[in-house]
Every structure is written in structure tokens, then in C-alpha cells.
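**Student:** Just so you know, the sequences run in chain order A and B.
Using our numbering, you'd call the opening residue of the first sequence number 153 and step up by one each time.
Using our numbering, you'd call the opening residue of the second sequence number 70 and step up by one each time.
It is possible that part of the hints are untrue.
[Said to hold, decoys possible] Between beta-carbon pairs, the in silico distance windows are:
1) H333/B - Q328/A: 51 to 59 Å
2) Y133/B - G189/A: 44 to 52 Å
3) L187/A - I250/B: 42 to 50 Å
4) L137/B - G189/A: 40 to 48 Å
5) Y133/B - D286/A: 14 to 22 Å
By construction, these hints were calculated from the structure, which means they are not laboratory data.
Predicted, not measured: the structure shown is a model, and the values here were computed from it.
Beta carbons: idealized from backbone N, C-alpha and C, even for Gly.
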Amino acid sequence: MITELKKRLMGLLLCAIGLVQAAAEPFTSLHIVDLDGQALANAVVILDATGLGAPAEPVSGQIIDQKDFRFVPQVLAVAKGSAVRFPNSDKSRHQVYSFSPAKTFDLALYGGNQVPKVRFDRTGLVVLGCNIHDSMMGFVYVVDSGLFAVSDTQGYAALPAYDAAQASQLTVWHAQLEQDIQLSLAELNALLASDADLVLPIHLHLEAPMAPASDLRSRLQGYASYDY
Amino acid sequence: MTISLRSQLLLVFLSLLGLILIADLWAVSLTADRAARANATSQLASAEQVFNSLLAESQQQKTYRTELLVADFGFRQAIATQQWDTLGSVLSNHGDRLGADLIVLLAADGDVIVSTHNLDTTLPLLRSHSQSSTDPFKGLVIAEQQPFQLVMVPVRAPNLIAWVGMGFVMDKALVNRFRDISNADISLLFRGDQATMTGGISTTETAAWSDFSNVNFEQSVAEFDSQLRDRGNLSRQHLLLDSNRQKLTLVLSVSLTEAKLVFHAMESRMVAISGVGLVLAAIATILVAGHLTAPINRLVRAAERIGRGDYEPLTVTQGSSELHVLSDTLNRMQRAVAEREQYIRYQTLHHLFTGLPNRKYMHELFDQRRLDQPNAQFAAALIKISNFDTLSDVYGMAIVDQMLQQVAQRFAISPTPIMTLGLIVTDELLLFSEPFSSSAEDSTQGFIDAVTLAFERPFLCSNLELQCEVRLAILLCPAHVDEFEDTVRRARITLAEARRTDQRSLVYDAIQEVRHLRKIKVTRRLQQALVNDGFSLLFQPQYDLKTKRVYSAEALIRWHDEELGLMYPKEFIPLAEESGVICQITEWVFTEALKQMLSWQAAGYRIGVSINLSAKDLLKDELIDSVIRQLDAHDGERSNLMLEITESALVIDAEHALRNLQRLYDAGVHLAMDDFGTGYSSLVQLKSMPVHELKIDKSFVTNLCNDKADQQIVRSTIDMAHQLGLTVIAEGVESMAAWTLLGEMNCDSIQGYQLSQPIPAPDLLAWVDQFEQQQLTLPYSRAQG
Chain A
153 MITELKKRLM
163 GLLLCAIGLV
173 QAAAEPFTSL
183 HIVDLDGQAL
193 ANAVVILDAT
203 GLGAPAEPVS
213 GQIIDQKDFR
223 FVPQVLAVAK
233 GSAVRFPNSD
243 KSRHQVYSFS
253 PAKTFDLALY
263 GGNQVPKVRF
273 DRTGLVVLGC
283 NIHDSMMGFV
293 YVVDSGLFAV
303 SDTQGYAALP
313 AYDAAQASQL
323 TVWHAQLEQD
333 IQLSLAELNA
343 LLASDADLVL
353 PIHLHLEAPM
363 APASDLRSRL
373 QGYASYDY
Chain B
70 MTISLRSQLL
80 LVFLSLLGLI
90 LIADLWAVSL
100 TADRAARANA
110 TSQLASAEQV
120 FNSLLAESQQ
130 QKTYRTELLV
140 ADFGFRQAIA
150 TQQWDTLGSV
160 LSNHGDRLGA
170 DLIVLLAADG
180 DVIVSTHNLD
190 TTLPLLRSHS
200 QSSTDPFKGL
210 VIAEQQPFQL
220 VMVPVRAPNL
230 IAWVGMGFVM
240 DKALVNRFRD
250 ISNADISLLF
260 RGDQATMTGG
270 ISTTETAAWS
280 DFSNVNFEQS
290 VAEFDSQLRD
300 RGNLSRQHLL
310 LDSNRQKLTL
320 VLSVSLTEAK
330 LVFHAMESRM
340 VAISGVGLVL
350 AAIATILVAG
360 HLTAPINRLV
370 RAAERIGRGD
380 YEPLTVTQGS
390 SELHVLSDTL
400 NRMQRAVAER
410 EQYIRYQTLH
420 HLFTGLPNRK
430 YMHELFDQRR
440 LDQPNAQFAA
450 ALIKISNFDT
460 LSDVYGMAIV
470 DQMLQQVAQR
480 FAISPTPIMT
490 LGLIVTDELL
500 LFSEPFSSSA
510 EDSTQGFIDA
520 VTLAFERPFL
530 CSNLELQCEV
540 RLAILLCPAH
550 VDEFEDTVRR
560 ARITLAEARR
570 TDQRSLVYDA
580 IQEVRHLRKI
590 KVTRRLQQAL
600 VNDGFSLLFQ
610 PQYDLKTKRV
620 YSAEALIRWH
630 DEELGLMYPK
640 EFIPLAEESG
650 VICQITEWVF
660 TEALKQMLSW
670 QAAGYRIGVS
680 INLSAKDLLK
690 DELIDSVIRQ
700 LDAHDGERSN
710 LMLEITESAL
720 VIDAEHALRN
730 LQRLYDAGVH
740 LAMDDFGTGY
750 SSLVQLKSMP
760 VHELKIDKSF
770 VTNLCNDKAD
780 QQIVRSTIDM
790 AHQLGLTVIA
800 EGVESMAAWT
810 LLGEMNCDSI
820 QGYQLSQPIP
830 APDLLAWVDQ
840 FEQQQLTLPY
850 SRAQG
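Bound-form chain A, shown alone (with noise of 0.2 Å):
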């Protein structure tokens, strides 16, 4: 049982994304998916271990680039007190903001990576915008536990490992979920010992929560007088 688990985290370590914790071993890899089976990517856990193990340090160095007009990645999860950076990879430029509680920030029109880095102080959800380009979102999901993942492109979230001493409850947030789901450790375990898959109550978007490019965009690429 346990080399199988290990063969299992060796195949998930490899393309896992986000990995914040060199967890110690053994850790779990949960399957999430929407009512239709369909794999649901960017849903974050979190197993709550508020006052019960060691907060996760805070970790420099992360970065949401801006590329097409998109967040990349969208969400990013990061322990409190990380810093992120927002590099621009796009010829335009975007004014990068967010109005949520648990950041506030604006950082003013600019292109290139010449810009400052956002540290998140307070646990929650921060909504990224960009004031000119109103198709992008993105998310950074500030948590104080150690034990966090985002579900990658295939719905999978690699948990690291925790014993139960450590963890009372799971949380999992999703963009389109109206509030985080909490489930029992009893009722991880099970799900975990079944190998079955957590499903959210929703129908994934599959454009949500990105609009497609504008018909006016290319269209005003004809009539500009002005090479820039």
C-alpha cells in the first residue's frame, strides 16, 4: 500500500505546479471534479491546521505573469506574508488592481517587469483585475496552514503529508463555487480510502472566467496610422 503511494507521488511530483511545501512524506493527491466529471483545475485545499502544526513560511519569488491578457496562472496560493510579483508580458500595458480586504493594492498602468512586489500580509481571497482590460481576473489565495495545494490542468491536487494530530478539516475554494466547502477529516479519509473523487456542486464554465479577445481589437489593428 504504501509503495504504491509512493509510486504514485513520484508520477504527481513531476508535474505538479505551486508545490509550496517539501512536505515530509507520505502526502495524498485528490481528484477533483464538477457534477459532470469533468476535471476541475484551480480549485484550492487547504487542510486546516490553525494552532494544531507550524504555520508554512512565508515564500519569495512567486510571480503571476500577465501574458494575452491573462493572469498566468490564475490562481496562486501562497502563505501569509508571501510577496508575488506580476511581471507583464504583454506589448500592452495593464493597470494591475485589487479591492478585496485581504489586500488592497493598484499598481499603476505599466509594462515590462520594471514594478514592485505585492506582499500578502493577511489570509483570504484577493481578486486581481486590470482597470483597462476587464476580461482579466485572477486569484491569489493567502492561507497561514502549511498544507495547501491548487488542482492542476487534469483536477488533481497534491496534498502534502499530514497525520490526523495535524489537520482537523478540509477547506477547498473554487472560483465558481459560492462558498468553500469544509469536510471532516473522517470524511477526507473515506473519500481517500475509497479513492474516489471530490465533486464540487457546480458546472464548470469552460471560457469562465476568461472572456474571449474582441472583435474590436483586431479590427483596430487595420486602421491604425500609428506603427507602434
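Starting from the structure of chain A, add chain B where the hints point.
**Tutor:** Relative to the frame of chain A, chain B by itself:
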């Protein structure tokens, strides 16, 4: 063709009402049409106002929103970067926020920095605005064959750094929304930089827009407009844009058909009301007509009844007073008609002056009796008043009428069984007895006695005593006769027989009618024979005892009829005399005999002819004229012609007969008195008559040899005749002894079977030759031929 009153009333009222209703409907329809048109027109006018204000409001709103967007700091900051990607993305981003379809960014100096559409024909307008004003621009433009609402606002930071134009395509959704508000169909026809292409947007079904692509935009619009009108629309145009080859026309239209729909309901109600009105009017008319015609029909039936002779009084219980007057008048009229009819009926059935039943009355009475009592036997008497002419000549008709009335009274109070007397001809009365109760023979005799008795006493009229002489013919019905007309006819035959036999009364005998019918037939056939040349002549030779030669022959007529067979003069000559054809027969005999005599003489025989003239012939001047004329034509032969006449010729009109006799005598014709010694012959007549010869009747000659008295008469007659200078011929000589005796008596000539029976003309000459041959060889013997 006659139309009933009801139909006339219906026709008049319904057609009048119908005309009024049709005129009403027409007027309503016309008004509705006008109202619908007027409504549609005002609807269009208000729709245009609505459209204009909607457009203005929409542009104003878009201007505000664009201004608001442009005021966004990030936007201004992005514009200010003058960096393409930022500019492009922010413009499109904000354009999306507004829902714009067209974006143009102009530099402060009016040059186009960036644009979503080709705005070559619009730019001059925008540029001139940007150079002359700092206020937002609002207007309609055509770009790339699409109409846009375009608002352009300045971007200030804080100085004017650019103009941002946002265009909103005017599409089907927009016109549909406007249509919903304005209640009129909206069409936009436009033309941009492409000179011949006309584009359009419409809330109505239209043909392909390329169909309207005329070189001339106005013509395209007109074409479109006419199509709208063809589909029953009313339209209104408004030119919204006309600049720099860009044209945009608003065409508003409403369906007249729909506008009229409201009125259609009204018209339908109107038609329904009219229909009900017509039906009610028809019912009312029928009722009124019925009210009018019912009494009229009753009067018509009453009039028909009166026409049939039924004079029951009639009453009209309902209807107008005029009808009451009419019914009263009809009642009076029918009373008058009834009275007049009674009077006329009386007159048609009674003699005007005496009041006696007339022939028609008697006829009806007869028929009625035969019908009521077919087996009852009764007698009918035809009473001829034989002295009627004398009475009426002497006393006048009025007196005779009085007498006839008294006759009727006498029969009315007669104790004999009741009889009915009618005056059927002026001088003939017809009397029917009541049906016999006893044997026919006794009853008949009783009836005859009663009638005879009634006329026995004279009648006293105006103090004059009149004796009515009557002759009766009695028939028994139905033993003798069954029909009224036959009764009268047979009674007349019987009367004639009674007159002939001089009896005062005679009962009908069937033989009378047989005889009568034979007479009628013979008379009819006689006329036929005249036409068909049915007569022939025989000649009986006459021998002169002195010269011992046959000197003449008496022409004797014979008639062989197809139906009656051989007829003898003794039967048909009296009938010919009665019917008047005797003169024609005589003329034929004369002409024929004369012709025969001439042919004998031409053959060298000196033989004359003797022709009989009837008493009537002598009274016929034309016949005498004709005889003399024919004699003149054959001058010199008249001495051989002997005309025989009888003494009776002088009975009817002696003077006239003598005058004509004298004319013949003067003309040189020899005349003989035939049948001398019979009838009325008298010596006085013999003396006055101009004759040459006497013919002794055969009744004296036939038994001459054995009868001494006849011998005396003949001898003295011959002597007397000779004394008077007349010759004598004896007829009926049937023995040689009589022949010889007559010769001894100095008779001049003889005629009879002893000499020869009558022979046909062609055989006469041969007979004469033979006779003379025999006489030469056997002078005293006679050979019968």
C-alpha cells in the same frame, strides 16, 4: 304580366331601403377609408417624431456614456501612453463596455490614430468638427455599408489629447425596438462610399436590397416606397443624412389594411344591422300587404262569385274604410246586376209585346220535361193562326197582340189539364199538354178538343170582335219526337199536310215526313241535275190527220238521277215549280228542243216541236225575253214552234200572264192550250187567251170509243174551236178506233201511243222514214214501235 300588390310593395320598399342602406354602407366605407388613411397619416407623423426623439435620446445617452468612460483615469492614462497595444486594448475594452461597434481615435489635430472601420468619407466631417469645436460630436454616418450612430468626445488630460469616437451600428434589433415604440414600420435606406450600392434595414419583409441598387439613390428610395404602397401601406420619408456622398433616408410605413381593420368591424356590424333591417322591413311589408290584400282577395272572390251568377251579399269585416265603401258598392252593384239579369232573362224567354213564353222558353221547358220525366207522354200542338195577316192588316199589331194575350188567358183558366202556351213565330203558337194520365189516344183527342174549343168563341179586344182561325198540328212526345227542334219542324210538315188536305187539325204521321224528306231530296237533286246536265228529252210525234203526215213532236223531259233513279215530270215538275227552278228547266228544254228542230230541218225534214210552258214560266219576263231572243236568232222557224200552256197559268196573276202570252203571240209563236177541259178552264178564258190551238186532254180521249159523253164533249169542243178559228189536237190516242173516230170528228191532229211512244231525238228521223214507208204500203194499219 301582372304583379301582385304584395310583390309590388315588397319590391318598392325593399329596393328603396336597400338603396338607402347601400348608400349608407358606401358612405361609411368611404368615411372609414378616409379615417383610416387620416389615422395612418397622423400615426406616421407621430411615429416620425417618436423616431427622431428616440434617436436623439439614444445619441445623447451614448454621448454621456462615452464621456463617462473617457473620463476614466486608467483610460486617459492608457491613451496618454501613445502606445499601440495599450491603446488598442483599452479602446476595444472600453468599446466593449459601451457595446460599441465602431471605434475611432483621432489625434487632437484631427488625424486618425486608430479606427475599426474605413471612415474615408466620414473623416472630413469629424476632422472639421474636431478642429472647430470642443463639444462632443453626435451624428449618423455610413461606414463600410453600414449605418452608425456616432458620438465623438474629446479626451482631456487635462489638455485635449485625442478624440474618441464610438459608433453604434443601426441594425435590425434597433429598428425593431423603435418600431415597438413608434407603432410604425421603420426602414432605413442608405448609401455610403460605394456609389451604386443601396443598403437597407427594415422591420418589414422586403425584397433583396440589391434590387433597389439604382444609380440614383432617390430612385432606389422611390422604388422601395412604391413597393410598400403596393403592399397596402401608407409611408412617409425623411432624409436623415445627406453629406459627402453619404445618404440615409428613413421610411416609415403603416399598413392601411390594418388601419382599416378597426373599421371593418364597424362595417360588418353595419351590414348585419342592414340585413336585419331589410328582413324586418320585408316582414313588415308582407304583414301590411297581407292586411291590405286579404279584404281585396275577399272582394275578388266575391266578384268571381257574382260573375258566376251567385248574388249572396258580402261583408268586409276588416280593412280600411275605403274597402268598406268598395264592398257596399259591390253589394249595390250585384243587386242591380241581379235585377237586370232577371229582367234580361225574362226578356230572353218571353215575347216582347204579349209577354207570352217565346221559342227559347218553350225549348227549355221541353228539355226540362224530357229530363225530369223521360217516360211521361205529352202532346205538343203547333197552332197556326191562318188569318193572322188579315187580322194584323185590318186591325193592327197592337190589337192582335191583345188577342194573343187573351188566348193565353183562355188557356190559363181552362178547366182542362194545365197547358203551357208559347209564341214561337209571329203567327204560330206552341202548346204543350201536361203528361197524359189516360191512354194516349183518348188524351190526344181530349187535347185537340180543348184547343179547338178555346178558339171557337171570338175574342173581344178594344170593343172589337175577332175570330181567330187556326190550324193544328199535333205530335206526341216522345212517341213521335224527342227533340224540340224536331218537334217544331215535324209540326210544320204536318201543318203543311193539313193545309194541303184542308184539315183543321192533323196528328203527325211518320209518312208525312218520309214524303217531305223525299221532296227535299228531289228538290236538292234537281238543282244538281241543272248543273250536271242530268236531263234528256224524248219526242212524241204529232200527226196531221188532214195532210196525213207527221208534222211535229212534243218535247218531253226525262231525268235520270244517280241517286233517285228515273224521275217522271209528274213528280219533279211541281217541286221545280215550288222551288223556282222550273224556269231554268224550261229554258234548257226550249234551247235543246229548238236545237233539235233546227237539226231536223237542216236534214231536210219539215218537223216542228211543241214545248210545255209552266204557269210560273209565263210570269217570268226574263224567260219570255230569252225565248223571243232565240227565235229572232233563227228567223223564219217560229211557225214550226208550238208552246203549250195550261189554263192554270192564269190563276195566280192573269194579267201578267196574258201580257207575256200576247208578246209570244205577237212574236209569231204558235200557242196551244194544253189539258183543255180539265181544271179551271172556262170559255171566258178561252176567249181572252191568244192561242192557235186547243189540246184535248187525254182523259177525254182514252175511252173515246166506248164513252158517248166523251164523244159528245170532244165533238162539240172540236166544233167550237173551229168556230173560234182554232185548230184541235187530241192526245192520248191509244187505238186505231179512236184515231179513225177523231178523223171523222174532223179533229186536226193526233198524238198518242197508237202513233208512237216518245222516242229519243236521234231515233226520230229514222222513225219518221219508217212511218212514211209503212203508211205508203199500209195506209190504215199501225205498227207499234
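**Student:** Name the hints, by number, that the structure is in violation of.
**Tutor:** none
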